[in-house]
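Two chains, each in its own frame: build the complex with the hints.
One letter stands for each residue in the lines below.
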Amino acid sequence: GEDVEQSLFLSVREGDSSVINCTYTDSSSTYLYWYKQEPGAGLQLLTYIFSNMDMKQDQRLTVLLNKKDKHLSLRIADTQTGDSAIYFCAESTGGYQKVTFGIGTKLQVIP
Amino acid sequence: GAGVSQTPSNKVTEKGKYVELRCDPISGHTALYWYRQSLGQGPEFLIYFQGTGAADDSGLPNDRFFAVRPEGSVSTLKIQRTERGDSAVYLCASSAGTGHGYTFGSGTRLTVV
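Chains as they are written, first to last, in the numbering used here: chain A, 1 to 111; chain B, 1001 to 1113.
With the rest of the complex left out, here is chain B (with noise of 0.2 angstroms):
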């Protein structure tokens, strides 16, 4: 496509619930990361994707996240047992490469009540 898409683009849920939040990168893009921004932050690193493989997940808050891209490009973010705390807009972005930039989704504003 021709921009990062993400989905949904608004998620409430149940505190101990299970979500899934999905991301679409540009296509031809190797590189998919994803971050997390609560209000007034910037975005904070979770993990990122080089192909099918997750390369670095050091940003993963607890083993509750789990993230994955089966076929290296559509990326599935998944948060088991959601807390209040996980409240936040989870962020997409893909890359071309090094030196590129990235470009950003919309992003996912979850909201854990």
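Looking at chain A on its own, in the form it has when it is part of the complex (with noise of 0.2 angstroms):
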């Protein structure tokens, strides 16, 4: 079945880089994702990879894939305060997008 696990809590500096990763279990995955959760908000998508690829980048998000180990991570550079949130990661399989998330790991991002 699907599963999908994150650590839930992160602290970091403002400038410093956050690493958020995750591990999933259905090697059919087809999609990964991070969504970004701010307080009272729905959910945002930040960032997608395709299962066949190892990296994305977008300005300061950086996705890696380890396929082999069925782990994701999102690195984010140069944190500020604003990016203090939840963020999801999810995981889709099949060809209509029904997207499995993790619990969430809470980002605190330290002036």
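Hints listed in this document are in silico derivations from the structure and should not be mistaken for laboratory results.
Hints are supplied without guarantee of correctness; some may be wrong.
[Said to hold, decoys possible] Beta-carbon label-pair distances, calculated as ranges:
#: 1; chain 1: A; residue 1: H71; chain 2: B; residue 2: E1020; range: 40 to 48 angstroms
#: 2; chain 1: B; residue 1: E1044; chain 2: A; residue 2: N52; range: 24 to 32 angstroms
#: 3; chain 1: A; residue 1: K67; chain 2: B; residue 2: K1015; range: 40 to 48 angstroms
#: 4; chain 1: A; residue 1: A77; chain 2: B; residue 2: G1072; range: 36 to 44 angstroms
#: 5; chain 1: B; residue 1: N1062; chain 2: A; residue 2: T23; range: 35 to 43 angstroms
#: 6; chain 1: B; residue 1: P1008; chain 2: A; residue 2: D3; range: 29 to 37 angstroms
#: 7; chain 1: B; residue 1: E1083; chain 2: A; residue 2: P39; range: 25 to 33 angstroms
#: 8; chain 1: B; residue 1: G1003; chain 2: A; residue 2: P39; range: 16 to 24 angstroms
#: 9; chain 1: A; residue 1: V19; chain 2: B; residue 2: S1038; range: 22 to 30 angstroms
#: 10; chain 1: B; residue 1: L1039; chain 2: A; residue 2: R60; range: 23 to 31 angstroms
#: 11; chain 1: B; residue 1: K1078; chain 2: A; residue 2: G40; range: 19 to 27 angstroms
#: 12; chain 1: B; residue 1: K1015; chain 2: A; residue 2: D54; range: 44 to 52 angstroms
[What the hints assert, rightly or not] Residues from chain A shown here face chain B by an in silico Cβ test under 7 angstroms; the list is partial:
#: 13; residue: Y48
#: 14; residue: F88
#: 15; residue: K98
#: 16; residue: F101
[Stated by the list, open to error] With a straight-line cut-off of 20 angstroms between C-alpha atoms, the simulated EDC-like cross-links for lysine to aspartate or glutamate are:
#: 17; chain 1: A; residue 1: K98; chain 2: B; residue 2: D1057
#: 18; chain 1: A; residue 1: K36; chain 2: B; residue 2: E1044
#: 19; chain 1: A; residue 1: K106; chain 2: A; residue 2: D69
#: 20; chain 1: A; residue 1: K98; chain 2: B; residue 2: D1056
#: 21; chain 1: A; residue 1: K106; chain 2: A; residue 2: E38
#: 22; chain 1: A; residue 1: K98; chain 2: B; residue 2: E1044
#: 23; chain 1: B; residue 1: K1078; chain 2: B; residue 2: D1024
#: 24; chain 1: A; residue 1: K68; chain 2: A; residue 2: D3
#: 25; chain 1: A; residue 1: K106; chain 2: B; residue 2: E1044
#: 26; chain 1: B; residue 1: K1011; chain 2: B; residue 2: E1083
These figures come from a predicted structure and were not determined experimentally.
The C-beta atom is built at its ideal place from N, Cα and C for all residues, glycine as well.
Here it is as structure tokens:
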């Protein structure tokens, strides 16, 4: 079955890089996603990577995928206080994109 | 519309009552999803619509939960005989298709007292 695991909490200083890690179990995952959720708000799609890629960069965000180990990471360069939020790792299989989410990692940025 | 709209944003109801939650997806998005998010958890899949039909309702917890999308646009999630355990944020999302990810609404916070 599908299972996505991530650590619950990460604290970094403003200006440092943040790395949020995730593992998943379904080897047939086709897309892997990172969503951001700010307090009281819905989920915002940050970035996604197709399973045949191993890296994707988008401005301050870098996604690394190790398909062999089923490990996904999100690196945020030059972390800002506005990056404080909960970050959800998610994966989808199948043609219609039913997405399975992890429990979320709360990122705290210390000024 | 520009985004996914969910109404109401908050709903407080008494145990045993019936509630309806509405989702208005992005215009032209054929795929629509309902998720439920409990405090401190990630979103949990409930049901997926492709057009008017429910393509996958395997996440609905029991027969008190039902959803419709009669014209392939707006969807309504219906919960009968609400229980305190139904309290959560109900999220709706729509998608333009495979690989595009979801666009989520802000959710409806349901509180059953």
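A quick look at each hint next to the structure:
| no. | hint | verdict |
| --- | --- | --- |
| 1 | A/H71 / B/E1020: 40 to 48 angstroms | 41 angstroms, holds |
| 2 | B/E1044 / A/N52: 24 to 32 angstroms | 28 angstroms, holds |
| 3 | A/K67 / B/K1015: 40 to 48 angstroms | 47 angstroms, holds |
| 4 | A/A77 / B/G1072: 36 to 44 angstroms | 42 angstroms, holds |
| 5 | B/N1062 / A/T23: 35 to 43 angstroms | 31 angstroms, violated |
| 6 | B/P1008 / A/D3: 29 to 37 angstroms | 33 angstroms, holds |
| 7 | B/E1083 / A/P39: 25 to 33 angstroms | 27 angstroms, holds |
| 8 | B/G1003 / A/P39: 16 to 24 angstroms | 18 angstroms, holds |
| 9 | A/V19 / B/S1038: 22 to 30 angstroms | 27 angstroms, holds |
| 10 | B/L1039 / A/R60: 23 to 31 angstroms | 29 angstroms, holds |
| 11 | B/K1078 / A/G40: 19 to 27 angstroms | 25 angstroms, holds |
| 12 | B/K1015 / A/D54: 44 to 52 angstroms | 50 angstroms, holds |
| 13 | Y48 | 5 angstroms, holds |
| 14 | F88 | 6 angstroms, holds |
| 15 | K98 | 6 angstroms, holds |
| 16 | F101 | 4 angstroms, holds |
| 17 | A/K98 / B/D1057 | 11 angstroms, holds |
| 18 | A/K36 / B/E1044 | 16 angstroms, holds |
| 19 | A/K106 / A/D69 | 23 angstroms, violated |
| 20 | A/K98 / B/D1056 | 9 angstroms, holds |
| 21 | A/K106 / A/E38 | 10 angstroms, holds |
| 22 | A/K98 / B/E1044 | 11 angstroms, holds |
| 23 | B/K1078 / B/D1024 | 15 angstroms, holds |
| 24 | A/K68 / A/D3 | 16 angstroms, holds |
| 25 | A/K106 / B/E1044 | 18 angstroms, holds |
| 26 | B/K1011 / B/E1083 | 14 angstroms, holds |
Consistency with the previously given hints fails for numbers 5, 19, ordered from lowest to highest.
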